[in-house]
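Starting from the known structure of chain A, fit chain B onto it as the hints suggest.
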Amino acid sequence: MPMKEIASWALNTAKSRGASFCDLRIVDERNRSLATKNGKVGHASAAETLGIGIRVIAEGAWGFAATDDMTRGSIERTAAQAVAIARSSATVKQYDVKLAAERPAVADWSGPCAINPFGTSVEDNIALLLAVDKELTSVKGVTLAEANLSFRRYEQWFYSSEGADIHQVRTTTGAGFAAYSFHGTEIQKRSFPNSFGGQFQNKGYELIGELKLVENARRIGEEAVALHSAPQCPQGVGTIVLDSSQLGLQIHESVGHPIELDRVLGMEANFAGTSFLTLDKLRKLKYGTELVNVVADATPAHGPGLGTFAYDDEGVAAQCTPIISNGLFTGYLSSRDTAAMIGQERSGGTMRAEGWSRLPIIRMTNVSILPGEKPLTFEDLVRDTDDGLYMQTNRSWSIDDKRYNFQFGCEIGWEIKGGKLGRMVKNPSYSGITTEFWNSMDAICSRDQWTLWGTPNCGKGQPMQTMGTGHGAAPARFRNVEIGSAYKGS
Amino acid sequence: MLNKDKAQRIFETVRKFATADEVEVLIAGGKYALTRFANNTIHQNVAEENYICSIRTVFGGRTARSTTNKFDEESLRRAVADAEAISRVQQPDADLAPLAGPELAPKESDSPSRHFESAAKLTPEDRARGVHGIVEIAKQNDLTAAGIFSSSDSAEAILNSKGLVAFHQQTSAEVSITMLGADSSGWQKFNSPDAAQVKPLELAQTAARKAKQSAAPRSVEPGKYTVILEPAAVLDLIGFMFYDFAGQSVLDERSFLNNRIGKTLFGENITIHDDVRHALQSGAPFDGEGVRREPVELVKNGVVKNLVYARATAEKMKKSPLASQVGEVRVTGHGFALPNEMGEAPMNIVLAGPAAGHAKTVDEMVASTERGVLVTRLWYIREVEPYEKMLTGMTRDGTFLVENGKLAGGLRNFRFNQSLIEMLLNVEAMGEPVRASGEEAFDMVVPAMKVKEFNFTEVTKF
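Chain order of the listed sequences is A and B. Residue numbers for the first sequence follow the working numbering, so the first one is 1 and each next one is one higher. Residue numbers for the second sequence follow the working numbering, so the first one is 1001 and each next one is one higher.
Among the hints, a few may not be true.
Cβ pair distances, simulated, as ranges [claimed, not checked]:
#1 B:Phe1059 with A:Lys420: 52 to 60 Å
#2 B:Pro1092 with A:Lys420: 24 to 32 Å
#3 A:Gly73 with B:Pro1102: 31 to 39 Å
#4 A:Met1 with B:Glu1136: 44 to 52 Å
#5 A:Thr185 with B:Glu1268: 17 to 25 Å
#6 B:Asn1404 with A:Pro234: 33 to 41 Å
#7 B:Gly1357 with A:Thr91: 44 to 52 Å
#8 A:Ser16 with B:Lys1199: 34 to 42 Å
Below, computed lysine-lysine pairings styled on PhoX-like, alpha-carbon distance capped at 25 Å [unchecked claim]:
#9 B:Lys1300 with B:Lys1318
#10 B:Lys1319 with A:Lys140
#11 B:Lys1139 with A:Lys98
#12 A:Lys93 with B:Lys1199
#13 A:Lys40 with B:Lys1319
#14 B:Lys1121 with B:Lys1031
#15 A:Lys134 with B:Lys1319
#16 B:Lys1224 with A:Lys488
#17 B:Lys1121 with A:Lys93
#18 B:Lys1199 with B:Lys1263
Source of the hints: derived by calculation from the structure; they are not laboratory data. It should be emphasised that the depicted structure is a prediction, and the values quoted were computed from it without experimental measurement. Even glycine gets a Cβ: it sits at the ideal position worked out from N, Cα and C.
Looking at chain A on its own, in the form it has when it is part of the complex (with noise of 0.2 Å):
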């Protein structure tokens, strides 16, 4: 049955029941998900997931409803609900729902996948994670070792009673590994390429390749055992370097979320928060440096990000919007009603949901920090820095419901003494003010110091969903940081 013929099922439905507005997505999802444990395999599965789901405005409110079951008659009770549901919410509202104007597109897009990951076999996955494996748990004093993969498939047409109607197709791929190691009253970690699963980005096989998991897999182990000899991260005030990966971890958290128009308009007030960014601050706060340039940028030209597409949820052309501009605050990430909201001309097209029975909100694309203009690599910026900590990969994460007052922690620092990196240290970690750290931030390396890394779990939402969301990012250094803020007063 062609998808087309299905929506227009439930866009008829809709209005024939009075909805002003419909819009649906069909989406067909299907994963590979595997993982290695001390040898043996610990995970195995495939799974696959179709369904509908259908958004409506009546009487100026929102209704959504989403059901597995694609027969007719169930898709026309379902977009008959989606009105009942919206008729309800009618009964409770300040205001009546308004969107930005946004021309319907025609468009049929996929997005980069060189090696179809569903077309390699499970046995070679397998035996990849093994050697993962084989060479972390070769490490005396590697307690445990973890290895992953993961691909998926998601396939997505979207259509809305406006006339928009958009086949998208992204494949993810995702791979890591961690290594443990328990001694005495200690346990520490090393994570490979990043902690929370690795590294993931939309595209095919092919990213596994370019990891080189099995060529850095006895050096992280030989990392983990290290820190259990490895002096504990000194406290007080002083400058860090961050790796790409952390400094990653700390946009998404200080800078991509604060940024959600949702947030700063108090819709997820009850859990994921508000946020400091109210609207008198936009093009009027100092966010950070000169150096500080953030752009949201879903474009396919930033990269194959967890956040790249060419239309969002709401079937709005991907885009790139500048966030923090020399410093400067720029912009929000927006939806159709939020920009609406706030007399913005069209949304910033960053509407997204988990699956076919969610609701699209307001997440982040890629959420990057742009590299610095004039040459400089990581040797460079630790050769400039006369006494510092360099801090790599995430271990811990947290940050106030304003996005405000932050501390994270990283599994591994290394001492900079004399423009030298110099010994290891454990348990490294750091806190602050969001617009105090980014206006200490002093240095950036340049774009071939620049990744752009997958944050497969960032949850937002209630229903709480779970959505990938990038991020670029280079080495940096700041200064006068509280270090070692996780540990005052034990």
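For chain B alone, coordinates are given in the frame of chain A:
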């Protein structure tokens, strides 16, 4: 809706397609609806219906799972083929247990009833009426309300080729409310399988009172304070330790209980059970293999007594050098659906209150405190250090200074860095355990607690 007969028919279809030595089918799903409000307006309002069929095949020590939400024969045939294909290419795992036999499933007479018409029949109009009442209370107090009112009606079945059948139906209703003032907020949340137990207006009144009382918050220096943690704050903290009570976690040496089982780790007043049949608990009385969940005494008077075990983990532990150091090793029915790396976890925690007559209300705890902090709710808690169970996080939505036995106004929010072990050594008073719900951990039955020397390390600017 899914029922036992329908589940049996689906299983028979799957079995028809399977060539594996053994096959297990998990069928789950139902209806879920959530009405979300903010700025005194319903701004999101959703409903979904979805069921999954998750098939696990076993070929001589090799297993894998494939899941679909389509129940036509072709989809089920494909799912079986996927599971079998992934199973076949693995090396046999001697630790993989054969499928559980029917004698391990809970009897129907032993399964608590957690399906209530009051929740199953909630309509969008019912939820909107509830939200309307909450918003009216907000307006009466010059506040704005944000939150949710949700309901669900779901079922879960596990069947396998050994003849095991386990089936559970459950409903749920939940309300969470944040009342916002100009510079303050208050929060309340409650859920139950029985919608009649959920009182949106009472929750709204309490949240509104907290928002009003915490207006014009002041900043006090961070440091070690006596804190009174309401039940939601208690559960969000202690929730970080229960995955460490898995036998597999101890075998993997990633548990903070390694080398600590049988020792006094917490205060004498700390006793914790896992008990799915507790009257205030929820969830299915069987685990991911369909095995009956048994009550387990995890901590008694501060001493860590036992761990929980899936079937395979129990066998591994019995053969391990750790076997003599970890209390009673037995199948407790806490396994996750296989295959998985984590093994199991206790998910029906009941933290016992004090002896009869010694429980204190939050008001009594405040009255007995010369200087301290009353905490409604915590936020963004993360583990900083796994063996000492050092946690960081923030206070949120109703943090109060306590002086001379009285609330002395709202406080700007604190960041804490606190060892959970130390916290449970420093509990000075507790209330009656209640069913509580937070945001960082699963629901539990826990009391409010008064804790000395809680370590606040920073204060934020609001």
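Structure-based check of each hint:
In this structure the supplied range 52 to 60 Å holds for Phe1059 of chain B paired with Lys420 of chain A, their Cβ-Cβ distance being about 56 Å. Take Pro1092 of chain B and Lys420 of chain A: their Cβ atoms lie about 51 Å apart, and the range 24 to 32 Å is violated. Range check, Gly73 of chain A to Pro1102 of chain B: about 38 Å between beta-carbon atoms, so the 31 to 39 Å window is met. As the Cβ distance of Met1 of chain A to Glu1136 of chain B is approximately 47 Å, the hint placing it in 44 to 52 Å holds.
One distance hint, 17 to 25 Å for the beta-carbon pair Thr185 of chain A and Glu1268 of chain B, holds here, with the actual separation near 23 Å. Between Asn1404 of chain B and Pro234 of chain A the Cβ separation comes to about 39 Å, which falls inside the hinted range of 33 to 41 Å. Here the CB-CB span from Gly1357 of chain B to Thr91 of chain A is close to 48 Å, well matched to the stated 44 to 52 Å. Between Ser16 of chain A and Lys1199 of chain B the CB atoms are about 39 Å apart, so this pair conforms to the stated range of 34 to 42 Å.
For a cut-off of 25 Å, the pair hint linking Lys1300 of chain B to Lys1318 of chain B stands: about 23 Å separates their Cα positions. Our distance criterion of 25 Å between C-alpha atoms is met by Lys1319 of chain B and Lys140 of chain A, whose separation comes to about 23 Å. A C-alpha spacing of about 24 Å is found between Lys1139 of chain B and Lys98 of chain A, which places the hinted pair at or below 25 Å, so the restraint holds. This hinted pair checks out: Lys93 of chain A and Lys1199 of chain B have alpha carbons roughly 22 Å apart, not beyond 25 Å.
For the proposed pair Lys40 of chain A and Lys1319 of chain B, the alpha carbon gap of about 18 Å is at most 25 Å, so the pair holds. Between Lys1121 of chain B and Lys1031 of chain B, the direct Cα distance comes to roughly 11 Å. Compliance with the 25 Å bound is thereby established for this hinted pair. Proposed proximity of Lys134 of chain A and Lys1319 of chain B is supported: the alpha carbons are some 24 Å apart, at most 25 Å. In summary, the hint linking Lys1224 of chain B to Lys488 of chain A is supported, as the alpha carbons are separated by about 11 Å, within the 25 Å threshold.
This hinted pair checks out: Lys1121 of chain B and Lys93 of chain A have alpha carbons roughly 24 Å apart, not beyond 25 Å. Proposed proximity of Lys1199 of chain B and Lys1263 of chain B is contradicted: the alpha carbons are some 42 Å apart, above 25 Å.
Checked against the numbered hints given earlier, this structure breaks hints 2, 18; the rest are met.
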